[in-house]
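Please take these sequences and the hints and turn them into a complete structure.
Residue-level listing of the chains:
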Amino acid sequence: MNASSSALPSRWERLRDSYLLYSFKRDIVAQISLVVFIGLVAVAVLAPWLSPMNPYDLAQIDILSSELPPFWIDGSDAQYLLGTDAQGRDMLSTILYGARVSLMIGFGAVALQALIGVCFGLLAGYLGGRIDAFLMRLADIQLSFSTLMVAIIVGALVKAIFGGETFSAYAVPLLILIIGLAEWPQYARTVRASVLAEKNKEYVDAARVMGLRSKRIMFRHILPNTLSPIFVISTVQIANAIISEAALSFLGLGMPETHPSLGSLIKAGFDYIQSGSWWITLIPGAVLIVLVLSINLLGDWLRDVMNPRLYKG
Amino acid sequence: MALLEVNHLDVRFALRLGEVHALRDVNFTLERGERLGIVGESGAGKSVAAFSLLNLIAKPGFIAGGEVRFDGQQLNSMSERALRKVRGNRISMIFQDPMMTLNPVLSIGEQMLECLKAHRRISSKEARAIALDKLYQVQIPSPETRLDQYPHELSGGMRQRIIIAIALLLDPDIIIADEPTTALDVTIQAEIMALLLELCEKHNVGLILITHDLGVVSQVTQRMLVMYAGRVIEQGPTREIINDPQHPYTQGLINALPQMATPGEKLNQIRGSMPSLSNLPSGCAFHPRCDFINRADGQPRPACTQQVPGFVESGNCQVACHMVAELIDKEATDEARLKETNP
Amino acid sequence: MNAQAEAMTDNRIPTQNEESAESLLQIRGLKKRFSLSGDFLDQLRFKGGKLVRHQEYVHAINGVNLDIHRGEALCVVGESGCGKSTVARIVMGLISPTEGEISYNGERIDNLNSRALLAYRKRMQMIFQNPYASLNPRMTIQQTLEEPLRLHHPDWDRQKVVTKVEEVMHSVGIDPDWGKRFGHEFSGGQRQRIAIARALAVDPEFIVADEPISALDVSIQAQVLNLLMEAQHERNLTYLFITHDLAVVEHFGTRVAVMYLGTVCEIANTATLFAKPRHPYTQALMSAIPRLEDDRPQHVRLEGEVPTPVNLPSGCVFHGRCPYANARCREEIPLLQTQDDGTRVACHAVEEGRL
Numbered sequence: 001m002n003a004s005s006s007a008l009p010s011r012w013e014r015l016r017d018s019y020l021l022y023s024f025k026r027d028i029v030a031q032i033s034l035v036v037f038i039g040l041v042a043v044a045v046l047a048p049w050l051s052p053m054n055p056y057d058l059a060q061i062d063i064l065s066s067e068l069p070p071f072w073i074d075g076s077d078a079q080y081l082l083g084t085d086a087q088g089r090d091m092l093s094t095i096l097y098g099a100r101v102s103l104m105i106g107f108g109a110v111a112l113q114a115l116i117g118v119c120f121g122l123l124a125g126y127l128g129g130r131i132d133a134f135l136m137r138l139a140d141i142q143l144s145f146s147t148l149m150v151a152i153i154v155g156a157l158v159k160a161i162f163g164g165e166t167f168s169a170y171a172v173p174l175l176i177l178i179i180g181l182a183e184w185p186q187y188a189r190t191v192r193a194s195v196l197a198e199k200n201k202e203y204v205d206a207a208r209v210m211g212l213r214s215k216r217i218m219f220r221h222i223l224p225n226t227l228s229p230i231f232v233i234s235t236v237q238i239a240n241a242i243i244s245e246a247a248l249s250f251l252g253l254g255m256p257e258t259h260p261s262l263g264s265l266i267k268a269g270f271d272y273i274q275s276g277s278w279w280i281t282l283i284p285g286a287v288l289i290v291l292v293l294s295i296n297l298l299g300d301w302l303r304d305v306m307n308p309r310l311y312k313g
Numbered sequence: 001m002a003l004l005e006v007n008h009l010d011v012r013f014a015l016r017l018g019e020v021h022a023l024r025d026v027n028f029t030l031e032r033g034e035r036l037g038i039v040g041e042s043g044a045g046k047s048v049a050a051f052s053l054l055n056l057i058a059k060p061g062f063i064a065g066g067e068v069r070f071d072g073q074q075l076n077s078m079s080e081r082a083l084r085k086v087r088g089n090r091i092s093m094i095f096q097d098p099m100m101t102l103n104p105v106l107s108i109g110e111q112m113l114e115c116l117k118a119h120r121r122i123s124s125k126e127a128r129a130i131a132l133d134k135l136y137q138v139q140i141p142s143p144e145t146r147l148d149q150y151p152h153e154l155s156g157g158m159r160q161r162i163i164i165a166i167a168l169l170l171d172p173d174i175i176i177a178d179e180p181t182t183a184l185d186v187t188i189q190a191e192i193m194a195l196l197l198e199l200c201e202k203h204n205v206g207l208i209l210i211t212h213d214l215g216v217v218s219q220v221t222q223r224m225l226v227m228y229a230g231r232v233i234e235q236g237p238t239r240e241i242i243n244d245p246q247h248p249y250t251q252g253l254i255n256a257l258p259q260m261a262t263p264g265e266k267l268n269q270i271r272g273s274m275p276s277l278s279n280l281p282s283g284c285a286f287h288p289r290c291d292f293i294n295r296a297d298g299q300p301r302p303a304c305t306q307q308v309p310g311f312v313e314s315g316n317c318q319v320a321c322h323m324v325a326e327l328i329d330k331e332a333t334d335e336a337r338l339k340e341t342n343p
Numbered sequence: 001m002n003a004q005a006e007a008m009t010d011n012r013i014p015t016q017n018e019e020s021a022e023s024l025l026q027i028r029g030l031k032k033r034f035s036l037s038g039d040f041l042d043q044l045r046f047k048g049g050k051l052v053r054h055q056e057y058v059h060a061i062n063g064v065n066l067d068i069h070r071g072e073a074l075c076v077v078g079e080s081g082c083g084k085s086t087v088a089r090i091v092m093g094l095i096s097p098t099e100g101e102i103s104y105n106g107e108r109i110d111n112l113n114s115r116a117l118l119a120y121r122k123r124m125q126m127i128f129q130n131p132y133a134s135l136n137p138r139m140t141i142q143q144t145l146e147e148p149l150r151l152h153h154p155d156w157d158r159q160k161v162v163t164k165v166e167e168v169m170h171s172v173g174i175d176p177d178w179g180k181r182f183g184h185e186f187s188g189g190q191r192q193r194i195a196i197a198r199a200l201a202v203d204p205e206f207i208v209a210d211e212p213i214s215a216l217d218v219s220i221q222a223q224v225l226n227l228l229m230e231a232q233h234e235r236n237l238t239y240l241f242i243t244h245d246l247a248v249v250e251h252f253g254t255r256v257a258v259m260y261l262g263t264v265c266e267i268a269n270t271a272t273l274f275a276k277p278r279h280p281y282t283q284a285l286m287s288a289i290p291r292l293e294d295d296r297p298q299h300v301r302l303e304g305e306v307p308t309p310v311n312l313p314s315g316c317v318f319h320g321r322c323p324y325a326n327a328r329c330r331e332e333i334p335l336l337q338t339q340d341d342g343t344r345v346a347c348h349a350v351e352e353g354r355l
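Residue numbers (the UniProt record's numbering), protein chains in the order written: chain X, 1 to 313; chain E, 1 to 343; chain S, 1 to 355.
Just so you know, these hints were derived from the structure itself, not from any lab.
Certain hints may be false.
Pairwise CB distance ranges, derived in the manner of DEER restraints [claimed, not checked]: (1) M1/E with S18/X: 42 to 52 Å; (2) P173/X with P137/S: 34 to 44 Å; (3) T338/S with E144/E: 31 to 41 Å; (4) R123/S with N103/E: 49 to 59 Å; (5) S278/E with R158/S: 20 to 30 Å; (6) N113/S with N255/E: 47 to 57 Å; (7) P154/S with N268/E: 22 to 32 Å; (8) R158/S with N268/E: 17 to 27 Å; (9) E165/X with L117/S: 55 to 65 Å; (10) P173/X with T182/E: 18 to 28 Å; (11) I38/X with L106/E: 49 to 59 Å; (12) P173/X with M100/E: 50 to 60 Å; (13) Y22/X with E265/E: 23 to 33 Å; (14) R137/X with N113/S: 47 to 57 Å.
Computed list of lysine-lysine pairs in BS3-like fashion (alpha-carbon distance at most 25 Å, straight line) [claimed, not checked]: (15) K276/S with K201/X; (16) K199/X with K215/X; (17) K25/X with K59/E.
The structure presented is a predicted model; accordingly, all values stated were derived computationally and were not measured.
For glycine and all other residues, C-beta sits at the position ideal for the given N, C-alpha and C.
Here is the structure:
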């Protein structure tokens with residue numbers, strides 16, 4: 001507490017003594033979630049080096065070895081650990097690559113959401129008045145469309161105008177754009193609420209008295225103090241974005257099967273459940289659930305830490 | 001025997017970076033109808049002292065030792081159920097923020113009646129009559145209409161009067177008031193303090209007044225405790241302490257008031273600030289800020305930095321200071337020597 | 001009360017030319033009201049079957065004239081809601097006045113844009129009440145103190161900025177080695193020192209201090225007050241000091257303005273005011289200070305409480321609580337009148353010699 005009594009703590013000491021680390025050490029669920037999440041991200045990122053096959057490479061695919069079961073079932077091939085799908089692609093490789101796509105879209109969409117939402121939220125909260133009213137009505141309108149509706153409209157338009165080929169080629173950036181645009185109001189509202197609280201604190205007045213420009217006050221003074229709620233909703237938003245992408249892909253509005261995400265893998269396998277090849281859809285489904293669950297659990301922990309006044313449950 | 005007796009009270013807070021000793025070895029007594037002030041700066045432990053009397057310390061705080069005796073009963077080992085019969089009934093509390101006591105969704109009348117009925121078997125009509133009488137006593141204009149009003153319809157001063165009325169509702173033996181007027185304006189503060197004083201005197205109610213304001217303490221209380229870093233460092237009759245403080249900290253506190261200096265001149269400040277309870281200096285907690293740690297010969301007194309001072313009697317006051325103890329010792333030996341030389 | 005009528009009856013309001021020689025800051029006919037009614041849609045009400053636009057205002061300041069002389073410490077005292085902090089915030093340009101003018105050194109500053117105001121930002125600085133909120137929790141002390149220097153001296157090189165920060169930290173009694181720490185690592189008194197350092201960093205000549213010591217402990221209050229007085233002597237500062245604590249005023253102020261419900265009811269030299277308070281409200285305020293000497297409070301009791309500034313009382317704003325109020329007080333707004341000792345009092349009773 002008292003600055004005069006002890007030496008300057010280093011960054012590491014600050015982290016070591018922080019409440020963040022303390023509560024993390026005490027929360028087994030958060031620890032497991034983090035390990036699982038980091039593990040999944042690592043294998044997804046390293047997919048090109050880890051996976052036994054390249055599912056994008058048509059030359060490596062053998063249609064004769066399609067619908068092979070995973071290793072613990074009779075009739076499996078040791079070459080394909082988790083079996084193969086209907087086109088004869090190695091499931092393990094496809095899942096690794098698929099998780100990569102899912103994560104990329106999830107993070108990309110959330111980055112876009114955050115960019116738009118944080119800027120709009122800062123402007124609305126700090127400037128107030130008509131800008132605030134306009135931006136918040138805009139957010140209301142945006143929220144009244146569901147993500148799916150936006151995706152269907154944009155997807156249909158792009159497909160109609162540029163054709164399915166172009167859509168497939170630009171599926172990743174398009175999905176990022178769609179999910180990013182559909183969900184920015186969550187950020188804008190959260191940021192606006194904390195800006196309104198911070199704006200009335202005296203350090204903001206002090207910055208104004210100093211003569212700083214509004215832009216600098218917003219980004220240098222207010223924004224860093226609204227980071228905690230931004231972190232917390234980011235976790236939820238990433239999970240949501242991954243699910244949105246999976247849902248869109250499942251409906252055939254997302255990633256093409258030649259370039260599958262977890263969602264399109266689930267979709268692709270769905271038709272084969274009846275014929276007994278359940279692993280094509282259930283294994284990617286399980287991976288998706290574990291991924292989203294680990295992110296949500298981490299988010300829960302983060303929310304409790306950053307908002308100590310909030311009671312659990 | 002005194003009405004309230006606090007012996008060696010020791011309160012700790014189990015925090016994540018270790019245990020913090022919020023209150024150490026606090027002793028005091030309160031006679032029936034006596035008014036006692038507890039003075040100190042923020043972090044001195046004065047509010048903790050007040051809350052621990054009724055075992056109201058919230059987790060992670062706990063009473064680690066000592067006892068609180070009220071009217072022959074030991075409060076700190078009492079069951080929560082038995083304690084409830086004392087709280088609000090025989091000992092009531094007034095907080096700094098009236099909204100801590102008042103429920104915003106209940107009318108004033110409902111709250112007062114509820115309180116009365118919880119402790120006494122009386123009819124609503126009788127309860128209402130008592131409530132009205134108390135509102136008259138705290139000089140609230142048109143008390144009948146106030147009973148049907150909600151807390152937010154009243155001004156800050158008015159709310160604090162209602163709180164006092166609620167505190168008096170069950171004719172308690174002691175009222176504990178924790179900074180009752182700090183949130184109020186000067187003129188309202190003066191009125192509320194005068195009212196509290198008048199009512200306590202009239203009904204022979206004991207008062208424990210917790211405040212940082214030496215002016216208020218000197219006007220209202222008969223005895224006072226000065227607290228510093230979780231310990232009582234001086235206690236005695238208020239007049240004596242205000243007029244002739246013994247402990248260097250009390251002296252500093254009084255001398256630092258703007259009214260003690262010539263206008264425009266430098267104020268007499270105490271250097272530094274109160275240490276945090278988790279990182280107390282060794283020996284006397286005040287020694288890093290104290291101007292009197294040197295002995296008469298100019299050498300620093302080792303006891304100040306090494307040994308926690310115990311209480312010495314100085315007149316009617318008790319002071320925890322090595323310097324004062326030394327002075328008193330010296331006086332005593334001088335006297336003895338004087339007696340020896342001319343018997 | 002409109003400005004014209006005031007100018008006609010109150011012939012002692014100094015014109016700018018008269019006093020600009022010694023006065024650094026002039027506040028003329030200042031009024032500020034805050035809308036309570038929200039935006040346009042919220043203001044619509046049904047009344048007698050018709051849609052009517054209904055607006056309510058808080059009348060925070062109702063015609064304040066003040067001159068702050070170079071080198072003095074003008075204290076503004078009053079209870080919460082009297083508008084003293086609003087005056088300070090308008091002077092610093094944090095909020096804009098509804099009516100009236102603020103001039104600095106004879107130049108109007110209340111209507112300047114932020115670019116034009118920048119030159120004045122260097123000369124006028126502010127210290128805030130709550131040291132726990134006035135430092136940005138995400139910035140180190142070094143960053144906090146460097147920021148105003150970099151803004152106002154873009155030509156300075158890094159070394160010069162660092163040297164200046166060190167110097168100003170020294171002058172407020174903060175060890176420059178602590179620059180890498182964050183605000184929350186300091187005690188309240190140390191934080192207030194840092195806030196003062198931030199204000200002093202750009203070498204201002206005028207400082208508005210809004211209750212700078214009321215959030216601090218008694219022993220720390222003395223330290224900070226001493227620091228402010230030292231700075232005044234060393235740097236020849238002029239203060240507008242907002243406080244509710246008359247004991248501090250007596251010690252610190254050159255002159256005192258007492259405010260009640262958005263109006264100034266008495267302005268006097270500190271010594272004169274404390275020796276002989278004229279306005280009934282000032283008298284009540286002074287008698288309410290808890291003193292160490294007397295063990296029985298003997299204060300002037302005021303009737304009732306401060307009325308809300310939404311519906312201002314007619315006539316003298318104080319008449320509802322004043323023991324000397326008569327019919328005239330209830331109808332006519334009293335204006336500041338200069339007494340023979342230079343005190344200016346706005347009270348009919350004083351003017352008529354009833355008091």
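TODO: Identify every previously stated hint that the structure contradicts and give their numbers, smallest first.
DONE: 3, 5, 7, 8, 10, 13, 14, 15
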